[in-house]
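Number of protein chains: 2
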Amino acid sequence: VTRGPMNKGEICHKTQESLLSSASGYNNYRGILNWCVVMLVLNNARLFLENLLRYGVLVDPIQVISLFLHDPYSWPAACLLIVSNVFILVALYTERQLSKGSFSEPVGFLVHCINMAIMLTFPAAVVLLVPSMTPVGGAFVLGIYTILFLKLYSYKDVNMWCRELSTVKAKKLARSLSCDRKVCYPGNLTIRDMYYFVFAPTLCYELNFPRSPKIRTSFLLRRLFEMLFFIQLLVGLTQQWMIPIIQSSMKPLEDMDLSRMTERLLRLAVPNHLLWLIFFYWFFHSSMNFTAELLRFGDRQFYKDWWNSETVTYFWQNWNIPVHKWCLRHFYKPLLRRGFSKMVSQSAVFFLSAFFHEYLVSVPLRMFRLWAFTGMMAQLPLAWFVGRFLRGNYGNAAVWISLIIGQPFAVLMYVHDYYVLHFRQEAD
Amino acid sequence: VTRGPMNKGEICHKTQESLLSSASGYNNYRGILNWCVVMLVLNNARLFLENLLRYGVLVDPIQVISLFLHDPYSWPAACLLIVSNVFILVALYTERQLSKGSFSEPVGFLVHCINMAIMLTFPAAVVLLVPSMTPVGGAFVLGIYTILFLKLYSYKDVNMWCRELSTVKAKKLARSLSCDRKVCYPGNLTIRDMYYFVFAPTLCYELNFPRSPKIRTSFLLRRLFEMLFFIQLLVGLTQQWMIPIIQSSMKPLEDMDLSRMTERLLRLAVPNHLLWLIFFYWFFHSSMNFTAELLRFGDRQFYKDWWNSETVTYFWQNWNIPVHKWCLRHFYKPLLRRGFSKMVSQSAVFFLSAFFHEYLVSVPLRMFRLWAFTGMMAQLPLAWFVGRFLRGNYGNAAVWISLIIGQPFAVLMYVHDYYVLHFRQEAD
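As given, the protein sequences belong to chains E and C, one line each in that order. Going by the numbering used here, the residue at position 142 of the first sequence is 142; the numbering climbs one at a time, nothing skipped. Going by the numbering used here, the residue at position 312 of the second sequence is 312; the numbering climbs one at a time, nothing skipped.
Only chain E is shown next, with the shape it has when bound in the complex:
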């Protein structure tokens, strides 16, 4: 008989608590994270297989084209995109006249206002009135016009600031806007500079954007591959997963069957959320980095770490940096400068955002229901509630839940109203 592991007489029990008893003080649950990932993958693999067995392969690339085109001889969306150049050129022309003094500031301001008002109303009118415009084509065109609107607004503001600065001869401040670097006002008022800004992945104009030294081919190709792969995945998952659930939700929604509606909502929440995540990566990482690399645009901060958001406010400040920067620079800070309080200015930003969300959904669907507007405005009390009562991981979980549940709720509402408006009328 030897001592150590071979010892027969070793003490076998000693007084100690179970790990899961609070008295044990144990708190290492790192394995639980892996458990979550494994369960998530398995759950969704099962759902994917179940879906495939029930509905077969529904992915159909031809159908995607038909979403943009009702009539192959009428391309209203493409025509609108070509027309958009008119607004760009009007903005550039106006700035040139202002820089030469041919337009006085009030006249220039008026021309800009008219130009931008038409930019919002004219495509909306076309989308509403041209019968061959599809909802998807309409949303796409209005999205492009909205981006252009924000860009030209920034263009007008920055050029005005440049004139103000040269007027007051505030050389110290002028540095950042123009003259220490390559291009000085009004040397920036060229077609080339204007179109670089139009295509650059930012909404905030600067005379001298930071530029990367060269195009990294492997980076460009990887982003291109991601773009192509994820757009396929988006279309495929929508056709295979979203559409069947939405179609099967119509009956419970019509009947206002509450438990079945909740079940459909939760069932829709998962694919909707995954599609949104894929869309986020596709648009804010792959596509924007691809464009930036191609244009040697240096600033790649298109998003920050919104996945760690512990407050709703943090989420909205970090998930879409181009829009956040624009709102801060051209809307929030100007409001502050005019003496509005932070509270009012913040609400105004959410109001503007709510307006554009509604604009981009209601006009293409030709249906005004204010669900998107309400959803955005509901962020204000939600932000207050989460910021006031929830901290740390609970706040983070609340942000995730509002994302996962809020979006499909709005989607179901619009789809239901669209269905009732179009298909029930036909049935009657």
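Derived EDC-like pairs: lysine to aspartate or glutamate, alpha-carbon spacing no greater than 16 Å straight-line:
no., chain 1, residue 1, chain 2, residue 2
1, E, K325, E, D157
2, C, K304, E, E17
3, C, K325, E, E10
4, E, K214, C, E17
5, C, K333, E, E10
Rather than coming from a laboratory, the hints here were simulated on the basis of the structure. Remember, predicted model here, so these are calculated numbers, not experimental data.
Got chain E sorted already, so can you dock chain C onto it with the hints?
Relative to chain E, chain C alone:
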């Protein structure tokens, strides 16, 4: 115009990478853990609601009783439990005779062997031959008998070690076994001491167990509440969630429809795994702590942190500490002492475990298929593979997957064979 946040001319862009680009060096994804939890809860809330809508409320407490009793006038399981006292008393009687020298060591060993051989074969024979014994009742009784078998084996071993030690007068080693503390061999050979060990939540006998100073009433009541709650939950979830999936799996299994079988397997994996987790908590935390508190049994280490297992071996060494301790003390180390290699001894432990798994499943089902045996023996190559090729979180994920997928696979196999054997024969 002031500097700071109000400054119109501030630089708006600077050269930087996107966070998700590998070049950014960013790696804080803490929010993703919360995302996993939220998605998991939502996914399962939906599944729960869907299940309730499809099947209605299936929970039925009366049915539970019928699992144990076919015929209310025949209680074979209860009778077997009463009979088990005979084996306990035979073991105690044999040890007393040995301590007095009335039995020589070989005679005592032979009596113990016969006693324990009958302990395994007699209840198995009753379960196989008595028609009113249900599979659940049978499994329950065989489980109790297996636990008793392991306990009495340990009892025999420890008392033998005590005699060996008093023979060689190795006082230093004897300390831990008996004499420095309260009870000394053969003073431990009492009915009271024997039954304390039979009910204590351990399989390893010691002459002086560590004792907690007093019964904490609030701790006891909390564990009692958990026991009652989780047993309800286990029965409810089994009736509401497991049984419908198993029933709907019979057709695909009969037809050997591979994609539908995989879908059913994944569908079964989630409730099966959750039930196993609840069972783990119910048995190893609530019930064992309850018993220990009631008996003032000090050593509450019934499990270690198996959820962080990065190897299969670590999992088997840590999820069930009473069995692990028994195997180490009464099987693995004795084998090492007899000169077997670690490799052979470890394989022998898995072989023993596989035997008891098979015994506890096949006999109550009256059906010998070796699925449980194969499942346990498959742990050996799996342990080798995971230990050899997977590290850290990947190893942990592999352990989880083997748990989540492996169990329902075996469950489906047994249920399928049981169904084919009993219900298809009836249909023919």
